[in-house]
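A.B. asks: We have chain W already, so just place chain A on it with the hints.
Going line by line, the protein sequences match chains W and A. The first sequence begins at 5 in this note's numbering and counts up one residue at a time. The second sequence begins at 5 in this note's numbering and counts up one residue at a time.
Since the hints were derived computationally from the structure, they do not count as laboratory data. Ideal Cβ placement from N, Cα and C applies to all residues, glycine included. Worth double-checking, as some hints may not be accurate.
To be verified - Some chain A residues close to chain W (C-beta under 10 Å, calculated; not the full set):
#: 1; residue: R226
#: 2; residue: T251
#: 3; residue: F341
#: 4; residue: K342
#: 5; residue: G345
To be verified - Here are the simulated DMTMM-like cross-link-like pairs (lysine to aspartate or glutamate), alpha carbons at most 25 Å apart as the crow flies:
#: 6; chain 1: A; residue 1: K175; chain 2: W; residue 2: E132
#: 7; chain 1: W; residue 1: K365; chain 2: W; residue 2: D338
#: 8; chain 1: A; residue 1: K32; chain 2: W; residue 2: E132
#: 9; chain 1: W; residue 1: K175; chain 2: W; residue 2: E73
#: 10; chain 1: W; residue 1: K230; chain 2: W; residue 2: E73
#: 11; chain 1: W; residue 1: K15; chain 2: A; residue 2: D240
Number of protein chains: 2
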Amino acid sequence: MNSFVYDIPTKVYFGEDQLKFLGEELSKYGKKVLLTYGGGTIKKTGLYDKVVAEVKKAGLELFELSGIEPNPRVASVNAGADICKKEKIDVLLAVGGGSVIDCTKFIGAAAFTDGDAWDILTEKTIVEKCLPIIDILTLSATGSEMDSGGVISNPETKDKIGMMYPVMQPKVSFLDPTNTYTVSKYQTACGAADMLNHILEVYFNMNQDLFMLDTVMEGLMRTILKYAPIALEKPDDYEARANLMWTSSWAINGFVNGGKRQAWSCHPMEHEISAIYDITHGLGLAILTPRWLTYCLDETRVAKYYQFGVNVFGIDASLQPMEVAKKSIELTSDFLFKTLGLQSTLSELGIDSSNFEHMAKKSVAGGLAYAFKPLDESDVVNIFTMCL
Amino acid sequence: MNSFVYDIPTKVYFGEDQLKFLGEELSKYGKKVLLTYGGGTIKKTGLYDKVVAEVKKAGLELFELSGIEPNPRVASVNAGADICKKEKIDVLLAVGGGSVIDCTKFIGAAAFTDGDAWDILTEKTIVEKCLPIIDILTLSATGSEMDSGGVISNPETKDKIGMMYPVMQPKVSFLDPTNTYTVSKYQTACGAADMLNHILEVYFNMNQDLFMLDTVMEGLMRTILKYAPIALEKPDDYEARANLMWTSSWAINGFVNGGKRQAWSCHPMEHEISAIYDITHGLGLAILTPRWLTYCLDETRVAKYYQFGVNVFGIDASLQPMEVAKKSIELTSDFLFKTLGLQSTLSELGIDSSNFEHMAKKSVAGGLAYAFKPLDESDVVNIFTMCL
Chain W
5 MNSFVYDIPT KVYFGEDQLK FLGEELSKYG KKVLLTYGGG TIKKTGLYDK VVAEVKKAGL
65 ELFELSGIEP NPRVASVNAG ADICKKEKID VLLAVGGGSV IDCTKFIGAA AFTDGDAWDI
125 LTEKTIVEKC LPIIDILTLS ATGSEMDSGG VISNPETKDK IGMMYPVMQP KVSFLDPTNT
185 YTVSKYQTAC GAADMLNHIL EVYFNMNQDL FMLDTVMEGL MRTILKYAPI ALEKPDDYEA
245 RANLMWTSSW AINGFVNGGK RQAWSCHPME HEISAIYDIT HGLGLAILTP RWLTYCLDET
305 RVAKYYQFGV NVFGIDASLQ PMEVAKKSIE LTSDFLFKTL GLQSTLSELG IDSSNFEHMA
365 KKSVAGGLAY AFKPLDESDV VNIFTMCL
Chain A
5 MNSFVYDIPT KVYFGEDQLK FLGEELSKYG KKVLLTYGGG TIKKTGLYDK VVAEVKKAGL
65 ELFELSGIEP NPRVASVNAG ADICKKEKID VLLAVGGGSV IDCTKFIGAA AFTDGDAWDI
125 LTEKTIVEKC LPIIDILTLS ATGSEMDSGG VISNPETKDK IGMMYPVMQP KVSFLDPTNT
185 YTVSKYQTAC GAADMLNHIL EVYFNMNQDL FMLDTVMEGL MRTILKYAPI ALEKPDDYEA
245 RANLMWTSSW AINGFVNGGK RQAWSCHPME HEISAIYDIT HGLGLAILTP RWLTYCLDET
305 RVAKYYQFGV NVFGIDASLQ PMEVAKKSIE LTSDFLFKTL GLQSTLSELG IDSSNFEHMA
365 KKSVAGGLAY AFKPLDESDV VNIFTMCL
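Here chain W stands alone, though its shape is the one from the complex (with noise of 0.2 Å):
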């Protein structure tokens, strides 16, 4: 069993009514703050006002950076990074989702480095400080609220780089189910892809681990799996949009992962495919996960399949475990497709066979060779088609 560092000192504000204490928290790290967000729903939804209130209650200092987009870019990290070193920001107030989020880290970084933040992403520049970072959580999906990794894309040169560094790790969560209501059917289904999908990285693993890091995992997807389709019938049940926003957080906060050192493999492969279709990036991984989760099933492998399918969606144990891990790849799938209404292929969104090759050469790059299953460049072409 593997050793392993656990270190996640993020504070999270669970629940309605606590944006009483953002004032408080902001002024531990300064007067002036920057506030990053997307494009605007928040101030369609109230929730851009009452930060702005609370902002000013505390007696400090407001800067924006609007605009950030889905599948955030380097740009918009050049744009915040030039606002920090110009008004000497002390603290980020990232409000939205992963995207908001990750690009805010990022920023944060690029405040005390010098040139293209691009560099940061193609590791010519080591992060070794940024600025403290607090955010507001409105779409429950990439974690991004508690962990020290982000993704940045450049269209310029197609590519969608994930990155972490434990000093871009938030300092103060707010998470609010109810900020999340207004989601769309649409990104809530996303969302719930991702978050399932974030966990059976870590769950498929031939590394020996703690059972009760296994427990944990298998009790946060079937709380999606319950979650996920009362959210979607009714986008305003608190109880159902409480239990995804805190699973989000700690399906890749880093606590299931415990000793485990493997390499992702949908990540990557996903990354490749928004990199040049701009995608959501929820939407990939729910594509992906069925076909890749079929295309590691072996006699070798079989073991933690039959776990997932008996502990996850209640699979009669008595079956044979080959019978119970292609039962459980269904369930996967009619769980993505037809419960959460995802389109179930590439080809459904336009996206032909034309770029694979390309795509594939640079998900192996990724580290797919310490996968679940090592998948090499024949592999990942495989896998894509599956897709189509």
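C.D. replies: For chain A alone, kept in the frame of chain W given last:
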């Protein structure tokens, strides 16, 4: 659903061969280290020598307080605080189980206050600061390695008082399962009973809360049921010791509580037993737990027992809820007294009913009116009597 704040900043080095990071972590806080430990088992096992070697290698100055008792006493807190003040200690290094870590927390707090440390426990003195604490855990049980609380006994007044202050949260904990290989069968069993009770105190709750946290608690309980017998049978089974160790931390670090605000039941009662009779905390909890579960069972609460029985013990879900509930208590009892082999009655420990009324009165002051089933003095006497 209640809102809550999640804030567990302790960094954990989990696994073998992590002690090489001890010097680096201690050095972050200063040069003068006070090493605290118990009766000297760590000298027999060789851990003491390893720790001293790491401290010396880092060029730090070492001071010592040994002899911290099981059910640690306020005299040890005072003795430790005196050393801190006299030697201007920068950082505390607790090596031991919950008793040593608990005591060290109050040493760290009392280092900043005047007068008798007992004033902290009686709330005459409020804790505002604490010396930084790093610990090396040698017993999986109390979870003190990842929370901000501790319990101190005063033999003169026959009081045993627990208290939490965020500043007492350990900065870093070293959790090496091999350090628990030498824990006796009896202490291993008491530790398992302790952590099981920590979860039950939260799980049996009438507050509405997050389903996802219930799934986590059920997973942690199944982990204890699976691995405690293995650790009893084979004390150097790494997998068993590792699962029990990480489970003990997560049983009580606050994560599983979520928004549950209910008072605990068995702990206030057990503290009164061990305050007078100085028994092992986990043993007292084991004796109380099934009686408390039996006493609280009624139609308004049966649903929680049903969930427990089905999801933790795998009892047939098609049975009547009350039948599942009774069976779940029986299986809990079997686990504690047959599988773990713990003594099952107070009489076996030489405890009679002579102090029950006095103990009940003090237990109730622990907030039992706000417990899973609200309990008054006569209820507590009844539960104590069931334990004879």
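A.B. asks: Work down the list of hints and note, for each, if the structure agrees.
C.D. replies: How the hints compare with the structure:
1. R226: Holds, about 6 Å.
2. T251: At 5 Å from the nearest chain W Cβ, T251(A) passes the 10 Å test, so the hint holds.
3. F341: violated, 24 Å
4. K342: violated, 22 Å
5. G345: At 23 Å from the nearest chain W Cβ, G345(A) fails the 10 Å test, so the hint is violated.
6. K175(A) <-> E132(W): holds, 22 Å
7. K365(W) <-> D338(W): violated, 30 Å
8. K32(A) <-> E132(W): holds, 17 Å
9. K175(W) <-> E73(W): holds, 23 Å
10. K230(W) <-> E73(W): It is violated: about 30 Å lies between the C-alpha atoms, which goes past 25 Å.
11. K15(W) <-> D240(A): The given pair, whose Cα atoms are some 36 Å apart, is violated under the 25 Å limit.
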